[in-house]
Amino acid sequence: MSSVVVIGGGISGIQASLDLADRGIKVYLVESSTSIGGTMAKLDKTFPTLDCSICILGPKMVEVDLSPNIELLTYSEVTNVEGSAGNFRVTVHRKPRFVNESCNGCGACAERCPVEVPNEYDEGLRNRKAIYIPFPQAIPLRYTIDREACVGCRRCVEACTGQGNDAIDFDMTAEDVELNVSAIIVATGIDGYLPVELGEYGYAQFPNVLTALEFERLICASGPTGGRLEKPFDGKPAHKIVFVQCVGSRSQRLGVPYCSSVCCMYATKESILVKEHDPDSEVTIFYVDLKVFGQGFQDFVDRARDHWGVEYIRGRPGEVREHPITGDLTVWYEDTDTGIVSKKEADLVVLCSAMIPRPGNKRLAEILGVELDEYGFFKVKDPVSNPVETGILGIYVCGCCHGPKDIPESVAEASATAAIAAEVIEGATKEGQ
Amino acid sequence: MGEDLPRVGVFICHCGKNIAETVNVKEVVEYSLSLVGVVHSEDNLYSCSSEGLSKLKEAIAEHGLNRVVVASCTPRTHEHLFQHACKEAGLNPYLFEMANIRDQCSWVHLHRPEDATKKAKDLVHMAVAKARLLEPQEEPEIEIRPETLVIGGGISGMTAAISLSNQGFRVYLVEKEDELGGMLLRLDRLFPTNIKSEDLLGPRVKAAESDQNIVVHKGSRIRSVSGFIGNFEVEVEKMRGGAETLKVGTIIVATGAESYDPVDLYGFGDDSRIVTQLQFEELLSGDGLEESRTVVMIQCVGSRNSDRPYCSRVCCSEAMKNAAKMRETYPKSEVYILYRDLQTYGTSYTPLEWEAKKSLVKLVKYDAKRPPEVTPGDEAIRVRVYSPLLDEDMELEADLVVLSTPLIPREDARELSQMLKVPLNSDGFFMEAHVKLRPLDFATDGIYVCGTAHSPKEIGESVAQALGAASRAAMPMARGKIRTAAIVSVVDEDRCSGCGTCVEVCPYNAIQKDEAGIARVTAAVCKGCGVCGASCPERAITMQHFTNEQLEAQALAALGRVDG
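In order, the protein sequences belong to chains A and B. Taking the numbering used here, I'd label the letters of the first sequence as residues 31 to 463. Taking the numbering used here, I'd label the letters of the second sequence as residues 15 to 578.
In case anyone wonders, no lab produced these hints; they're calculated from the structure. We treat Cβ as the ideally placed atom computed from N, Cα and C, and that holds for glycine. Honestly, I wouldn't trust all of these hints.
Quick list of in silico lysine-lysine cross-link-like pairs, DSS-like style, CA-CA up to 27 Å [unchecked claim]:
#  : chain 1 : residue 1 : chain 2 : residue 2
1  : B       : Lys-220   : A       : Lys-460
2  : B       : Lys-383   : B       : Lys-346
3  : A       : Lys-56    : B       : Lys-101
4  : B       : Lys-133   : A       : Lys-261
5  : A       : Lys-411   : B       : Lys-210
6  : A       : Lys-266   : B       : Lys-31
7  : B       : Lys-101   : B       : Lys-132
8  : B       : Lys-371   : A       : Lys-409
9  : A       : Lys-374   : B       : Lys-101
10 : A       : Lys-411   : B       : Lys-252
11 : B       : Lys-372   : A       : Lys-270
12 : B       : Lys-232   : B       : Lys-220
13 : A       : Lys-409   : B       : Lys-133
14 : A       : Lys-411   : A       : Lys-270
15 : B       : Lys-190   : B       : Lys-101
16 : B       : Lys-31    : A       : Lys-305
17 : A       : Lys-460   : B       : Lys-495
18 : A       : Lys-373   : B       : Lys-383
19 : B       : Lys-371   : A       : Lys-305
20 : B       : Lys-261   : A       : Lys-460
21 : B       : Lys-372   : A       : Lys-411
22 : A       : Lys-56    : B       : Lys-252
23 : B       : Lys-252   : A       : Lys-409
Listed next, with one range per pair, are the computed distances between beta-carbon atoms [unchecked claim]:
#  : chain 1 : residue 1 : chain 2 : residue 2 : range
24 : B       : Leu-124   : A       : Gly-369   : 28 to 34 Å
25 : B       : Asn-439   : A       : His-337   : 44 to 50 Å
26 : A       : Glu-230   : B       : Asp-405   : 48 to 54 Å
27 : B       : Glu-406   : A       : Gly-390   : 34 to 40 Å
28 : A       : His-337   : B       : Asp-506   : 25 to 31 Å
29 : B       : Lys-376   : A       : Gly-369   : 16 to 22 Å
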């Protein structure tokens, strides 16, 4: 049996699947949401090359869709695993989409749907309908009814039949699928910490304080404002942008103690994007240590500082205050290079918050029988000698599910898991002979 | 073309708002319908979405299209998607042409929508003019030999070789030293787990050397490389004489990096009490540091400067590890780390920073504009450093000064890159095909990179890359054959005078003269760069898919000449 289950359809899971499928190994790609794409699909650009994120990810998503060796199981979760390397029996629970495979993605249903709820893909900055696709490039391009939001008016059914189709099925039920595979690859990704408990920064109190992922959607040309930098408080243009590093990371107080690896660089990227939109804008990045440890990173920071005039100040701001009438913000900080305490006016404050384990890791680890580390990330056998292997033969991890990392590291690891999974299959084939 | 009159379909992409906010897409659709040969035109929100691709396929069937033009983004990322869709609809993928109205139009003319719309029309006009003259092409098929050459027998090279062997492929592992192991032979303990370097290396050397599928060439180097994916020929030369030719399907570059020798920096070389971090690690694993009561480490020596702008990634973690070990072994010692920005990151390496702080290692930030001054004296070495935090100069009396120097490209990297015809980046490391999504591939098919040959990285990261490179190399070998692009040059035998100019100018060694003195192109090696065609004095060389006729039509369209 030469097949593999890949759990998680972000860039890591996509790459692992494509590597395996290309060489003729059958892949079941299990994704919990309605479309593959993961976090990378939400990003506007990528550092340090400023490639448009969905433009380089999109073709890979379509490749997954087109590959005859990849069976895509979206809106699905792994609920049980038995057996061992070479012969795992995996149960996948498929939630009902209430829209069947004849859906061609025309969108007539969503146009008629009267219910609006915040779209998770846009970090809640824009609404979607109760029947939806998360974003136009979604794979598979098939609508889903969010039954928690749906009021059951059935206008979507009318719209669909009006298009000469019959894709909506309110009687659809969940089903469990049993898969027999040689190896399992875990690529479930990572979450951003919502810094609500760090009251001094005013997140969730002041509308103009955003997380970096929210900002990423805001500045994206296909985002909720069409890429115009507007203050959520009043919709007026934002010119003064402050980024705060290490929000809830490298912290012994609240949040997590480790460095989240990617924030210095994505903040640098986002500040360049602000400057590209409006060269007259004022951009400041507050940092603790500037992490430039990757290829081309120092150059990137130099470009932001010297060419674009982005200001880097060493220090962790103590407090963000909001003007009650204008909604504008004041950031109080100590510049630890000079010891001077000062303040800075800001239209938007972007919190580069810690990358934290997904809450679902615990349950999945139990199902797989693998360990998590002290923070709740998947634990590898040994970070030096066996960086993508778990304690169980035949189960491998790649990407951010075992700690924060950037896209190329995730992609390299994804290929690494594909190699070891192929080794397991080759070993099993040899034994069978 | 005769009976096959062009029936061109044009698809204009909005790319969400990326194009549509600047370019008047509807106007471009209208315009394209006025062009000779165009029988259908439509616009899509995202032509590359699965909805857009289905519409394209439907239109091919419905309107009997025999040429397709998509005006959207860049062919670099999207051409193969549209070609695939054409193929699924029964159209030869070489009957497809793309116009880049985003990167070359809407993005660069953001604030001039009217001019951008006009330019988008011109770009579509050019694409249609060329599309009318496109011909179907067959892609050459290449057999892939299921054997790999791995260059470099360090931890990366050995890991890649063992994985490929386990996947059922034969591997030649070439190491220039007489011993496998590379940089790890010089290290004592490895962070973050503190395992002995030899405990990682030992089993891997044994596994590589005892593996029946792995042929190890020690004390050997690569002398020449020819051929192409599936069929490389590599001459391997023994340092002590003798050479052998290997035939392989794929090649992995795992040649590692070297440690920078900080000659002339901070008095290194003049005083035995000033050492590199690597030398310090060797000292630390023996005894003899009892006398060194105060150790001062300086970070970023020879890196993050104008000569070498990159951060070497591993030095902060390495310094933390050695500093903590020094404090632990010699509790009376004092250890200072003078740093610019601490580069300990992630869940594996940040803890090294806490360990160092817990063992009372003193971290002092310095300002790159006012670097530390090191003055050797008879009793001690005086280190003066300005601390921006305290806004004062600190004076330290050091018994030992340790310089953290970067990993730098191997001396022979350039030579090897020329043999393999793969690029180096501006820092001198091997450069991958795409920074984000193809970190292990070279742009040249069949050649891959891993480990510190690519850029400084941790050992675990190198191991992961090595396994990843093993997957990338295994993919074409597992398939057994692949198809390559048909964009190659073709020689008109009747016109060729045998002058040999093309043979000389071809950067890929794709052209040879046959017995009759006529130029012959090996299609699988040809990358379609067109240098031969441009140089041929007899105009005997045609670039398939980029013929003179097609390019001329495109140029005339750009100049606004009426369609012929």
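Results for each hint:
| no. | hint | result |
| --- | --- | --- |
| 1 | B:Lys-220 <-> A:Lys-460 | holds, 22 Å |
| 2 | B:Lys-383 <-> B:Lys-346 | violated, 33 Å |
| 3 | A:Lys-56 <-> B:Lys-101 | holds, 23 Å |
| 4 | B:Lys-133 <-> A:Lys-261 | violated, 34 Å |
| 5 | A:Lys-411 <-> B:Lys-210 | holds, 16 Å |
| 6 | A:Lys-266 <-> B:Lys-31 | holds, 20 Å |
| 7 | B:Lys-101 <-> B:Lys-132 | violated, 31 Å |
| 8 | B:Lys-371 <-> A:Lys-409 | holds, 25 Å |
| 9 | A:Lys-374 <-> B:Lys-101 | violated, 58 Å |
| 10 | A:Lys-411 <-> B:Lys-252 | violated, 38 Å |
| 11 | B:Lys-372 <-> A:Lys-270 | violated, 40 Å |
| 12 | B:Lys-232 <-> B:Lys-220 | holds, 14 Å |
| 13 | A:Lys-409 <-> B:Lys-133 | violated, 54 Å |
| 14 | A:Lys-411 <-> A:Lys-270 | violated, 46 Å |
| 15 | B:Lys-190 <-> B:Lys-101 | violated, 47 Å |
| 16 | B:Lys-31 <-> A:Lys-305 | holds, 19 Å |
| 17 | A:Lys-460 <-> B:Lys-495 | holds, 22 Å |
| 18 | A:Lys-373 <-> B:Lys-383 | holds, 25 Å |
| 19 | B:Lys-371 <-> A:Lys-305 | violated, 38 Å |
| 20 | B:Lys-261 <-> A:Lys-460 | holds, 25 Å |
| 21 | B:Lys-372 <-> A:Lys-411 | holds, 26 Å |
| 22 | A:Lys-56 <-> B:Lys-252 | violated, 43 Å |
| 23 | B:Lys-252 <-> A:Lys-409 | violated, 43 Å |
| 24 | B:Leu-124 <-> A:Gly-369: 28 to 34 Å | violated, 43 Å |
| 25 | B:Asn-439 <-> A:His-337: 44 to 50 Å | violated, 20 Å |
| 26 | A:Glu-230 <-> B:Asp-405: 48 to 54 Å | violated, 26 Å |
| 27 | B:Glu-406 <-> A:Gly-390: 34 to 40 Å | violated, 51 Å |
| 28 | A:His-337 <-> B:Asp-506: 25 to 31 Å | violated, 50 Å |
| 29 | B:Lys-376 <-> A:Gly-369: 16 to 22 Å | holds, 19 Å |
Checked against the numbered hints given earlier, this structure breaks hints 2, 4, 7, 9, 10, 11, 13, 14, 15, 19, 22, 23, 24, 25, 26, 27, 28; the rest are met.
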